[in-house]
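Numbering (the working numbering), first residue to last: 60 to 238.
It should be emphasised that the hints constitute simulated quantities derived from the structure, not laboratory data.
Note that the Cβ used here is the ideal one computed from N, Cα and C, for glycine as well.
Simulated DEER-style distance windows between Cβ atoms: (1) 122 x 89: 26 to 36 Å; (2) 180 x 120: 24 to 34 Å; (3) 219 x 134: 31 to 41 Å; (4) 89 x 189: 19 to 29 Å; (5) 210 x 81: 52 to 62 Å; (6) 213 x 84: 55 to 65 Å; (7) 131 x 189: 24 to 34 Å; (8) 178 x 120: 32 to 42 Å; (9) 169 x 129: 47 to 57 Å; (10) 209 x 176: 50 to 60 Å; (11) 201 x 135: 36 to 46 Å; (12) 210 x 119: 52 to 62 Å.
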Amino acid sequence: HLEDLIAFSPRYPVSERATLGVLLPIALVVGLFTGRKVRGRWFWLAVGLLFLVLAFGPTLKPPGLPLPFRLFYALAGGTYRVAARFLLPAVMCFVVFVALSLQPWYQRLGRWGSIGLVGGALIFLAFENHWYEPLPVFSMPDYSIYHQIGAEPGEFLILEVPVGPHNLFEGVFGKGGVL
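Required output: the full structure, derived from the provided sequences and hints.
Structure follows, in C-alpha cells:
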C-alpha cells in the first residue's frame with residue numbers, strides 16, 4: 060500500500076506491511092539536494108525506484124493503477140508471488156544513493172561530528188525498529204499426540220514445522236499451523 064511507504068516499522072512482521080521506515084525517506088530527500096558532483100549516484104536511485112515499483116505489487120493501492128509486477132510475475136512463471144521481497148534490494152540501492160550523496164558533506168565533518176552523526180542515526184534506527192523491546196517468549200504447546208507417541212515402544216523424533224494459519228496444510232488437514 061502506498062500509505063505504508065513511509066511509516067514506522069511494525070515490531071513483528073506478521074502482516075504483509077512492508078515499509079521504508081522513516082529515516083531512509085528523510086535521507087533520500089536530503090540526498091536529492093546534496094552531493095551534486097558525485098558521479099554514479101543517480102544510477103542507484105533509478106535502480107532503487109525500479110525495485111520499489113516492483114515491491115508495490117501488481118496494483119498500486121489506493122488508486123488501483125496496474126504496475127510492472129504483473130509482467131515480472133508472468134515472466135517468472137508465477138513463482139515469485141511476494142512482491143514485498145523487492146523492498147530489500149530497493150533499500151540497499153537507496154542506502155548506496157544516500158551514502159554517495161552525503162559523502163562530500165560527511166567528509167567535511169570532524170571526527171566527533173561523524174561519530175555523533177552515525178551514533179544519532181543508530182539511536183534513531185533503534186527506536187524506529189523497536190530494538191529496545193525484548194523478543195516474545197514462546198512456550199511449546201502440549202498436544203495429546205505427544206503423549207500418545209511417548210507411550211509407544213521405540214524411540215521417535217518429533218520435528219516441529221513452523222507453519223502459519225495460511226498454508227497448504229490448512230487446506231489438506233483442516234488445521235492451520237499444526238500438522
